[in-house]
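Chemist: The residues making up each chain are set out below.
Protein chains: 2
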Amino acid sequence: MRQVAIVGVGLVPVREHWEISIRDLAVEAGRAAMEDAGVEKIDALYVGNMTSGSINQQRQLGALVADFLGQRGVEAVRMEAACGSAGSAMRQGILAVASGDYDAVLAIGVEKMTETPGADTTTALVGAADAEYEAIHGVSFVGLNALIMRRYMHEYGYQQQDFAPFAINAHANGAHNPYAMFRKAITRETYERGRMVSEPVSLFDASPIGDGAAALLLVPAEKAPRAVRVAGSAVATDTLSIHDRKDPLWLQAAEDSVRRAYAQAGVGPDDIDLFEAHDAFSIMAALSLEACGFAERGQGVRLAQEEAIMPGGRIPISTMGGLKARGHPVGATGLYQLAEATLQLRGDAGDAQIDGVRTALAQNIGGSGATIVTHVLQRQ
Amino acid sequence: MRQVAIVGVGLVPVREHWEISIRDLAVEAGRAAMEDAGVEKIDALYVGNMTSGSINQQRQLGALVADFLGQRGVEAVRMEAACGSAGSAMRQGILAVASGDYDAVLAIGVEKMTETPGADTTTALVGAADAEYEAIHGVSFVGLNALIMRRYMHEYGYQQQDFAPFAINAHANGAHNPYAMFRKAITRETYERGRMVSEPVSLFDASPIGDGAAALLLVPAEKAPRAVRVAGSAVATDTLSIHDRKDPLWLQAAEDSVRRAYAQAGVGPDDIDLFEAHDAFSIMAALSLEACGFAERGQGVRLAQEEAIMPGGRIPISTMGGLKARGHPVGATGLYQLAEATLQLRGDAGDAQIDGVRTALAQNIGGSGATIVTHVLQRQ
Numbered sequence: 003m004r005q006v007a008i009v010g011v012g013l014v015p016v017r018e019h020w021e022i023s024i025r026d027l028a029v030e031a032g033r034a035a036m037e038d039a040g041v042e043k044i045d046a047l048y049v050g051n052m053t054s055g056s057i058n059q060q061r062q063l064g065a066l067v068a069d070f071l072g073q074r075g076v077e078a079v080r081m082e083a084a085c086g087s088a089g090s091a092m093r094q095g096i097l098a099v100a101s102g103d104y105d106a107v108l109a110i111g112v113e114k115m116t117e118t119p120g121a122d123t124t125t126a127l128v129g130a131a132d133a134e135y136e137a138i139h140g141v142s143f144v145g146l147n148a149l150i151m152r153r154y155m156h157e158y159g160y161q162q163q164d165f166a167p168f169a170i171n172a173h174a175n176g177a178h179n180p181y182a183m184f185r186k187a188i189t190r191e192t193y194e195r196g197r198m199v200s201e202p203v204s205l206f207d208a209s210p211i212g213d214g215a216a217a218l219l220l221v222p223a224e225k226a227p228r229a230v231r232v233a234g235s236a237v238a239t240d241t242l243s244i245h246d247r248k249d250p251l252w253l254q255a256a257e258d259s260v261r262r263a264y265a266q267a268g269v270g271p272d273d274i275d276l277f278e279a280h281d282a283f284s285i286m287a288a289l290s291l292e293a294c295g296f297a298e299r300g301q302g303v304r305l306a307q308e309e310a311i312m313p314g315g316r317i318p319i320s321t322m323g324g325l326k327a328r329g330h331p332v333g334a335t336g337l338y339q340l341a342e343a344t345l346q347l348r349g350d351a352g353d354a355q356i357d358g359v360r361t362a363l364a365q366n367i368g369g370s371g372a373t374i375v376t377h378v379l380q381r382q
Numbered sequence: 003m004r005q006v007a008i009v010g011v012g013l014v015p016v017r018e019h020w021e022i023s024i025r026d027l028a029v030e031a032g033r034a035a036m037e038d039a040g041v042e043k044i045d046a047l048y049v050g051n052m053t054s055g056s057i058n059q060q061r062q063l064g065a066l067v068a069d070f071l072g073q074r075g076v077e078a079v080r081m082e083a084a085c086g087s088a089g090s091a092m093r094q095g096i097l098a099v100a101s102g103d104y105d106a107v108l109a110i111g112v113e114k115m116t117e118t119p120g121a122d123t124t125t126a127l128v129g130a131a132d133a134e135y136e137a138i139h140g141v142s143f144v145g146l147n148a149l150i151m152r153r154y155m156h157e158y159g160y161q162q163q164d165f166a167p168f169a170i171n172a173h174a175n176g177a178h179n180p181y182a183m184f185r186k187a188i189t190r191e192t193y194e195r196g197r198m199v200s201e202p203v204s205l206f207d208a209s210p211i212g213d214g215a216a217a218l219l220l221v222p223a224e225k226a227p228r229a230v231r232v233a234g235s236a237v238a239t240d241t242l243s244i245h246d247r248k249d250p251l252w253l254q255a256a257e258d259s260v261r262r263a264y265a266q267a268g269v270g271p272d273d274i275d276l277f278e279a280h281d282a283f284s285i286m287a288a289l290s291l292e293a294c295g296f297a298e299r300g301q302g303v304r305l306a307q308e309e310a311i312m313p314g315g316r317i318p319i320s321t322m323g324g325l326k327a328r329g330h331p332v333g334a335t336g337l338y339q340l341a342e343a344t345l346q347l348r349g350d351a352g353d354a355q356i357d358g359v360r361t362a363l364a365q366n367i368g369g370s371g372a373t374i375v376t377h378v379l380q381r382q
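Protein sequence lines, in the order shown, are assigned to chains A and B.
Heads up, the numbering used here is the position in the first sequence plus 2, with the first residue counted as 1.
Heads up, the numbering used here is the position in the second sequence plus 2, with the first residue counted as 1.
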């Protein structure tokens, strides 16, 4: 099995891109990654996307994007695992290179959500939950996260405002990222004034959806010995329904996938210099920190309160703004995370640069923890 | 790169399964494939599906099906390439085994279409076409195929009734397949009485949608030296829009993918004993025969008229009924085709058995030819 390297990064700023179609968003990111790599011809394309079939009435994005990218004919397909779609596209791209089949593979995550009114988007998003056992009761996806957050507060004795450091860190970091949707730091007072979306999830505990696309170009590592290396890549799954889990406060699929990714890379939590966590909600960031071995059970929020998640802290997270400030174009997010980790490893993160980054962890979560894709990237 | 063998086949009869949910359809096929293989634990699951996000309001089918299949935790994801979704899931399953990552991989295709009224299904299906350049004009997916068929008739001088042998062969073969939706042979008179759906596509030139699931269990060939071998596996793409193709009557992605699959297997058209063609419409069967090298340009229909496509003919197609009689649960179809080819190679096709099958070709088409997945399977 061949090792895989990342030789190109392409990003579209996360915005409400009313004037750009889904295909053009994908093409812009893909072309930027190819230009960054100096590659003009790819062998295969994997597109991560969650909602285009319903929101954009467009399926078969693999072939469509390949064509408009000037790569008509190449193998292409779309991967879907709710908000874990782009991480899944990366994973398949890695398998395609590792298998020996292909030498230049593009993974693109893309989502275009501003085309339809709010209600349709909410319906599309709750498709990430179990339709017959969760969504049927009328709960929204934010509502499900509110239930988990409430339970966490109850079990471990926290208040809603204890989660403030996650939002403060993300927005401070997002201010340095030109591709971020929100580029303004917030204070604790701003957080505390945040209106409730679904109690106890406030506006500042939830990430904003948006339109965007991110792409990475993958090649066999022997062809790019100095490029950022994929040191670990793993996917694990869990029940869609939260009530089916032994412990609703434990991301089992995060633990399972990170354990495999750490083992592949020969590293542990102490070796990770930064962590692009899936902070779709503050509570998800806390649970991820715990499942990945950075904090004990119930201590993820404490870790944030101790400022260990800030730049310069023990385990910086959301270093380019995270889902919270960079924005969360759902099926594209996993590749934004991986692209940002790659920029950090290359020293190309600009004002958001974390010093001395050698090993980075990126974790992409589908649903409330049902599909979790974990990658360890390393600078050579 | 490791060779891959097929050790388990699982099929659900194609029907209007009003009483069975999409997850249960997938689980039934998956479990049957695992039982057939004598395998109790899989390493990864790839689910092919086209419309569940909109029709069933359920996304993230990979994790969901893994859980209900008793395989909670394994790597899983959904692949979508319109009607080429299940072929794509097979392709990814092959890459996962070939890469060396996994030793027991399940590919499941599933579609559950009878849950919503007709209009929604038509909208979901036209997502296979280009939303901005084709669907926006109000054309349906059947309508697009009617345009291609009309052009074919014009260019090569055929009448609508010249296409009759495709339907007659498919329905005769489907009568022998217990998993087929329609199990009744038809006469030429029946074909000629077929009402027009979208002229010149009559009821008997179009395949029926339905609910169904099909699964294959894949392992490294060295672990199953006597099992059916995946000798060739390739995907190629083309424009979604028919008007963007140099020749609307040539399936370039079929030619590209079959050429690669033939080369991998070290075979050519003369070595193929049966061909599970994507006969979603009679015209697609004709174009596939031409692109795969069984007939000259414009001679696909002639080949059918000469009965070369019938059992005992030079190149039997739709040997278990094809999409036409077995039924076309869109995102599941690619795995029905591969499962049927496997049964034929094992000598397990019952009354539909073709004698002396050593090498089989299966081709799964997304859209009107935008994603084409081609596999060559061989008996050892």
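Be a bit skeptical, because a hint or two may be false.
To be verified - The list that follows gives simulated cross-link-like pairs (lysine-lysine, DSSO-like), each with its CA atoms no further than 27 Å apart: (1) K248(A) - K43(B); (2) K43(B) - K248(B); (3) K43(A) - K225(B); (4) K248(A) - K43(A).
Stated by the list, open to error - Every beta carbon over 10 Å from chain B, so not counted as near; a handful from chain A, in silico: (5) W20; (6) R195; (7) G369; (8) A372.
Hints in this document: simulated from the structure, not taken from any laboratory.
We put the beta carbon where it would ideally sit given N, CA and C, even for glycine.
Chemist: Okay, which hints does this one fail, numbers in order?
Modeler: Violated hints (numbers, rising): 2, 3, 4, 7 and 8; every other hint is consistent with the structure.
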